[in-house]
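J.: Next come the chains, spelled out residue by residue.
Protein chains: 4
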Amino acid sequence: MTIRLGENGYGKQRVRILQVIRHADRHDLKELTVGIRLEGDFETAHTKGDNTKILPTDTMKNTVYALAKQQRIESPEEFCLRLADHFLSHHAHVSRARMEASETLWTRLPYGKTLHPHTFTRSSEERRTTTVTATRKEKSVQAGIKGLVVLKTTDSAFEGFLRDAFTTLREDRNRILATAIRTAWLYRSNDTAFESTWHDVRQTLLEAFAGHDSKSLQQTLYAMGEAVLAKFKSIREIRLSLPNKHYNLVDLSPFHLDNPKEIFLPTDEPHGLIEGTVRND
Amino acid sequence: MTIRLGENGYGKQRVRILQVIRHADRHDLKELTVGIRLEGDFETAHTKGDNTKILPTDTMKNTVYALAKQQRIESPEEFCLRLADHFLSHHAHVSRARMEASETLWTRLPYGKTLHPHTFTRSSEERRTTTVTATRKEKSVQAGIKGLVVLKTTDSAFEGFLRDAFTTLREDRNRILATAIRTAWLYRSNDTAFESTWHDVRQTLLEAFAGHDSKSLQQTLYAMGEAVLAKFKSIREIRLSLPNKHYNLVDLSPFHLDNPKEIFLPTDEPHGLIEGTVRND
Amino acid sequence: MTIRLGENGYGKQRVRILQVIRHADRHDLKELTVGIRLEGDFETAHTKGDNTKILPTDTMKNTVYALAKQQRIESPEEFCLRLADHFLSHHAHVSRARMEASETLWTRLPYGKTLHPHTFTRSSEERRTTTVTATRKEKSVQAGIKGLVVLKTTDSAFEGFLRDAFTTLREDRNRILATAIRTAWLYRSNDTAFESTWHDVRQTLLEAFAGHDSKSLQQTLYAMGEAVLAKFKSIREIRLSLPNKHYNLVDLSPFHLDNPKEIFLPTDEPHGLIEGTVRND
Amino acid sequence: MTIRLGENGYGKQRVRILQVIRHADRHDLKELTVGIRLEGDFETAHTKGDNTKILPTDTMKNTVYALAKQQRIESPEEFCLRLADHFLSHHAHVSRARMEASETLWTRLPYGKTLHPHTFTRSSEERRTTTVTATRKEKSVQAGIKGLVVLKTTDSAFEGFLRDAFTTLREDRNRILATAIRTAWLYRSNDTAFESTWHDVRQTLLEAFAGHDSKSLQQTLYAMGEAVLAKFKSIREIRLSLPNKHYNLVDLSPFHLDNPKEIFLPTDEPHGLIEGTVRND
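Residue numbers (the numbering used here), protein chains in the order written: chain A, 1 to 281; chain B, 1 to 281; chain C, 1 to 281; chain D, 1 to 281.
Please note that the accuracy of each hint is not assured.
If several chains are the same, the list does not tell them apart, and a pair holds so long as it fits within one copy or across any two.
To be verified - In silico DSS-like pairs for lysine-lysine, Cα to Cα no more than 27 Å straight-line:
no., residue 1, residue 2
1, K48, K215
2, K215, K137
3, K30, K261
4, K245, K146
5, K261, K69
6, K233, K69
7, K30, K146
It should be emphasised that the hints constitute simulated quantities derived from the structure, not laboratory data.
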């Protein structure tokens with residue numbers, strides 16, 4: 001038997017940056033956390049301690065700041081494309097670059113009857129995400145969302161399911177449906193209007209979730225994916241990962257109280273997890 | 001020397017509840033995490049293992065659900081007052097009840113040109129908080145906020161400070177000011193309009209933060225407290241705890257790039273922490 | 001009515017430091033996270049934006065590093081005492097200094113039949129804590145522990161408790177008892193052997209928890225505090241805060257299986273919280 | 001274009017279980033958090049709301065408890081194999097089952113000169129992990145570790161690396177090397193002695209980390225993988241994911257103090273991330 005190095009790569013994670021754009025009448029800002037991973041000809045670094053092809057991860061961090069200064073960050077997708085191009089074009093032994101960015105979303109503060117020119121509140125634990133994977137032959141851009149928590153109090157059922165010896169769950173015609181949307185979609189082209197499309201896809205997902213008369217979270221997942229693909233021809237496929245955040249009806253009968261879907265116990269664990277990809281071929 | 005029991009108390013923490021109110025045309029909801037702590041005559045439980053005066057913490061949890069069903073939760077403050085009353089009136093050996101609630105805030109989903117009747121998104125990591133402390137003689141109600149993250153890109157300076165042998169900080173005429181507001185204010189009366197006042201105090205704090213031309217976070221803290229007390233006579237005092245979430249200007253000079261307050265490194269640690277109480281006597 | 005500043009203070013939090021001591025035959029290390037808070041004459045900073053008495057929190061951070069270099073950190077308690085002295089002796093307008101430190105515990109790696117001279121593993125999420133509060137007249141030193149998770153599978157009961165209309169809990173003669181010990185004890189003198197005492201108190205607490213035939217967590221708390229005070233005359237009082245981390249017996253009867261205290265569901269919420277101080281007067 | 005369902009699967013996550021084994025002279029315990037994911041013929045659930053092939057995730061949770069009772073959990077690997085067998089053998093439309101388990105490690109409490117028969121402390125944030133992937137044709141068992149934090153104070157350098165326009169890092173002949181080991185290795189057979197092998201692999205990794213004179217974390221990663229594969233013929237490949245947790249030397253020159261590798265600033269972000277697979281063909 002022979003011991004040898006297989007797949008490998010390295011990079012810098014959690015590189016945080018805030019860019020402020022100072023217009024005359026207002027300031028804008030963009031906050032990202034960037035992750036960088038390079039693959040390439042790094043074998044002798046592993047096997048011989050030869051660092052001559054190892055660009056320090058500290059340099060990758062510096063690159064994030066320098067490139068943002070050289071040209072303003074327009075969108076996480078655009079910035080990740082630019083970073084990937086940089087590493088591939090400057091370092092011939094790098095064969096593949098994967099850039100990830102997670103955007104912390106800020107909302108301009110309502111102030112009297114207007115919006116404040118330079119004060120913002122952090123919108124939510126929700127993050128806008130992107131992953132760009134690039135080789136010298138092709139680049140793929142995925143956009144996405146994580147941590148978008150949504151809840152509906154009706155129009156959700158779960159009945160007629162499979163039963164086995166360990167099934168005790170009761171059928172439910174009218175349950176709470178809550179999830180933290182995690183999704184990523186793949187664009188057909190790298191020339192997409194990334195900013196506006198992201199916001200439109202997000203709203204489409206939310207409206208599909210809200211408007212669906214759900215027989216299961218699986219069915220709702222598919223309806224959400226279908227709504228996006230039907231509307232956005234620029235998207236080739238979308239993956240959704242939806243935890244089923246259970247809200248359990250509390251049994252109040254020991255206290256001689258009924259509970260007509262009014263008092264619930266929110267739970268974090270255990271939780272269902274429904275995952276699926278919807279494609280437009 | 002004599003060993004003896006000093007201050008003590010016990011209760012249930014992280015009791016989660018969601019209440020759904022099903023109107024004909026829309027649903028409302030209220031999600032709280034409740035903490036209960038009782039003080040009283042519990043000495044023999046500690047010293048002799050005598051449980052006859054120990055109400056199980058499991059019962060406290062049940063009480064949250066039963067009381068919410070008996071009468072709808074109007075506000076965290078109202079519900080905590082009601083819970084405190086319950087424990088004090090049913091259990092003569094309880095001398096003091098402290099109830100805490102943290103509200104998870106939900107926002108009705110924009111849906112087409114209207115708002116959706118039964119779908120909500122979770123607004124933020126921000127929580128609305130309350131603490132009610134009650135004895136048989138008096139009750140105090142505090143309302144508050146935690147995790148309200150806010151940032152301004154200008155109108156903040158820090159100059160003319162004290163220097164000693166270990167001071168290396170440079171003066172800054174125009175820095176980013178960012179914090180996660182944590183605050184609690186004490187009402188003069190338990191008959192306050194808790195719901196509307198909370199929203200108004202929150203907006204007053206945000207506008208004071210935004211509108212202040214800050215010479216230090218201490219000065220901004222005082223301005224925020226003063227703005228609240230000047231406007232709300234129903235509030236006796238307000239305490240603010242403001243971490244100074246530093247955004248450090250990145251030095252781009254090694255790359256022959258200037259950085260006129262454009263590229264910043266957001267940091268979590270270390271952070272300043274400015275705390276103060278403002279009173280209206 | 002007059003609006004005025006009440007209690008206030010400020011400082012730096014989450015100042016992290018690792019000190020390496022390079023002996024000829026082995027290395028030692030000490031990792032602390034330090035929090036600093038000063039009180040004093042800071043009123044005009046709040047009310048007038050006058051920073052002439054405000055030592056930057058950045059300077060406090062620098063002070064941690066400089067003092068550690070000037071004289072090696074012996075224990076968190078010793079180092080916090082030294083920091084407090086520094087701020088009080090160099091800044092006449094500071095009236096009170098509170099220093100907190102949380103030690104990340106490292107264990108020397110077992111290596112073959114010996115211990116490795118310079119490699120360590122992080123022991124646990126447990127932290128050794130200290131709080132030093134000092135004025136020019138007096139200093140108090142508290143040592144403590146947080147996050148020490150402990151579980152016993154028997155010798156714990158909860159019976160004969162108080163019942164009211166909302167009590168559904170069953171008596172239990174033989175339950176699992178689990179908690180995450182959080183404790184702080186106050187020394188009579190600042191000349192204590194802090195290092196050895198901390199380790200001895202920790203072991204005393206653990207053995208008291210293990211050896212106690214518990215009728216309630218309250219009784220166990222008191223037994224733990226009593227064991228420490230009976231053994232360590234240098235300790236004036238000890239405070240314990242013990243979450244009751246419930247392990248619920250799973251009902252397997254729907255599957256025609258009994259469950260004689262064998263299969264449990266570990267839970268994080270809700271949880272009981274038992275708190276008490278034991279004193280030696 | 002046609003919209004259609006692609007890869008999909010669902011299951012239950014964060015199913016927590018504690019099993020107590022009550023011997024006459026001592027108790028043992030095993031605490032796992034289990035994740036279950038099934039793939040199979042679920043298309044009509046997504047596209048038509050037909051739940052007849054959907055086993056509730058609640059049933060999966062029940063299955064964990066029932067199977068643990070029917071036969072004691074020997075190891076996370078054995079238990080996941082058993083769970084996968086259960087779902088594949090009882091449900092013909094399930095084509096693939098992936099079981100994950102994360103073990104919370106408990107250590108028997110030292111008590112006087114012996115070990116306590118029924119009291120345990122939680123060892124660490126480290127988790128023992130396993131992933132079993134099974135179809136009707138084949139099963140693969142991976143074992144692993146996450147969160148094993150390790151640090152060495154010398155025998156680590158990083159020199160002679162690649163430089164580009166954004167490189168500012170200085171060469172370092174003697175740095176601190178710290179990481180949180182995350183690893184998973186693939187067994188050749190499902191008949192391995194899972195318990196003893198896991199402990200031996202863990203110690204081999206730690207000793208390889210400690211004993212290596214490191215020119216880079218890449219080289220250390222390879223040395224760790226090589227040490228495991230050289231010793232354990234039962235392992236086909238091992239993947240390591242090693243964050244480079246930077247400890248930065250603090251510049252004390254402004255305070256006229258030197259810092260000969262003694263005072264460091266521990267940081268969490270940004271961090272390097274070195275990943276690689278080592279194979280034995």
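J.: State for each hint whether it applies.
T.: Going through the hints against the structure:
1. K48 with K215: between (58 Å within a copy, 9 Å between copies)
2. K215 with K137: neither (44 Å within a copy, 33 Å between copies)
3. K30 with K261: The answer is between: 13 Å across copies meets 27 Å, while 42 Å in one copy does not.
4. K245 with K146: Result: close both inside a copy and across copies, 15 Å intra and 24 Å inter.
5. K261 with K69: between (54 Å within a copy, 11 Å between copies)
6. K233 with K69: neither (33 Å within a copy, 49 Å between copies)
7. K30 with K146: both (17 Å within a copy, 24 Å between copies)
Figure legend: structure checked against the earlier numbered hints; hints not met, in rising order: 2 and 6.
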